[in-house]
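> Counting from 1362, one number per residue, gives the positions in the sequence shown under our numbering.
Hints listed in this document are in silico derivations from the structure and should not be mistaken for laboratory results. Beta carbons are placed, not taken as given, at the ideal position from N, Cα and C, and that holds for glycine. One or more hints might be untrue.
What the hints assert, rightly or not - The following label-pair restraints were derived from C-beta to C-beta distances:
(1) Pro-1578 / Arg-1415: 37 to 47 Å
(2) Ala-1557 / Gly-1368: 55 to 65 Å
(3) Asp-1443 / Gly-1608: 45 to 55 Å
(4) Ile-1366 / Glu-1553: 51 to 61 Å
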Amino acid sequence: MGVHISGRTRLAGIIGMPVEHSASPAMHNAAYEALGLEWAYVPLPVAEEAHLARVVSAIRVLPFVGFNVTMPYKDAMLELCDEVALTARLAGAVNAVHCADGRLVGYNTDGRGLIDSLAEDLGFDPAGKRVVVLGAGGAAGAAVVSLVLAKAGQITVVNRTYANAEDLVERITPHARDTRIDAAELGETGEESVSAADLIVNATPIGMEPGDPAPVPAKWLRANHVVADMIYAAADTPLVAAARASGAHAVDGLGMLVCQGATAIEIWSEGAQLVAPRDIMRAAAQRELRLRAERGGGAVAG
């Protein structure tokens, strides 16, 4: 049937650059239709960070229920919200904003999406497990914060630039009573950490561009690993392909996209106590990815 637009339609959307390849509009609009919500989700491309504040100011006075934020503006959005949830502040990134009476409240639902996807797609619980998170940006921060909340036993942040990994570890460690968090540089120490891990999470953009390698050498991967790539695409990402070739259980970022989007809808609906239809959202996202693959689209980071 598609999205019905009327004078009562409320808006949601995704801010970033680029956004034309995102599966979020198809996924969200399918959910709104299933829930009977008079909402419409639209892409909001912002070409330069200098324009971001003006776009956000306009959203404040338009009938938005909320919006998502993707690369490269998740960190910049921290300073444009009136209030930021502690998990988003610790992650160093906002990916979902609730618009309430002109106020903007920032959240990070990416990490929650990762944990939910691990449970739903792989039946994996990180409690007490050894985890390697590849990367040290906002996606890595979201992953680490949620893994701490899920009571992972040990987390090692592995990054090409050790200082960035160390900064992330120092920011989150005071809030990690039950989890040990360490930093490592991609190299011999990184190889040792990956080999010993139960779970490996790719929170880097490596794998988004055609011809990208896996973010770690395939020889580091083992059959006993569980691997989660935060990038999603119609075909296997390089990391997922390498992990499956090694016999490991692996999942890309599609499940995380669905789960974080479902959490955002539930936040935006406030007291309505809606349960977002994750099966419908997943099917819509998969259809969009197939169509995009036919048009020659590539991978996307959530």
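> Starting from the hint 45 to 55 Å, judge whether the C-beta atoms of Asp-1443 and Gly-1608 obey it.
holds (49 Å)
> Would you say the C-beta atoms of Ile-1366 and Glu-1553 sit inside 51 to 61 Å of each other?
holds (55 Å)
> Go ahead and decide if the range 55 to 65 Å is satisfied by the Cβ distance of Ala-1557 to Gly-1368.
Because 59 Å falls inside the window, the suggested range holds.
> With respect to the beta-carbon atoms only, verify the hint that Pro-1578 and Arg-1415 lie 37 to 47 Å apart.
holds (44 Å)
Figure legend: structure checked against the earlier numbered hints; every hint is met.
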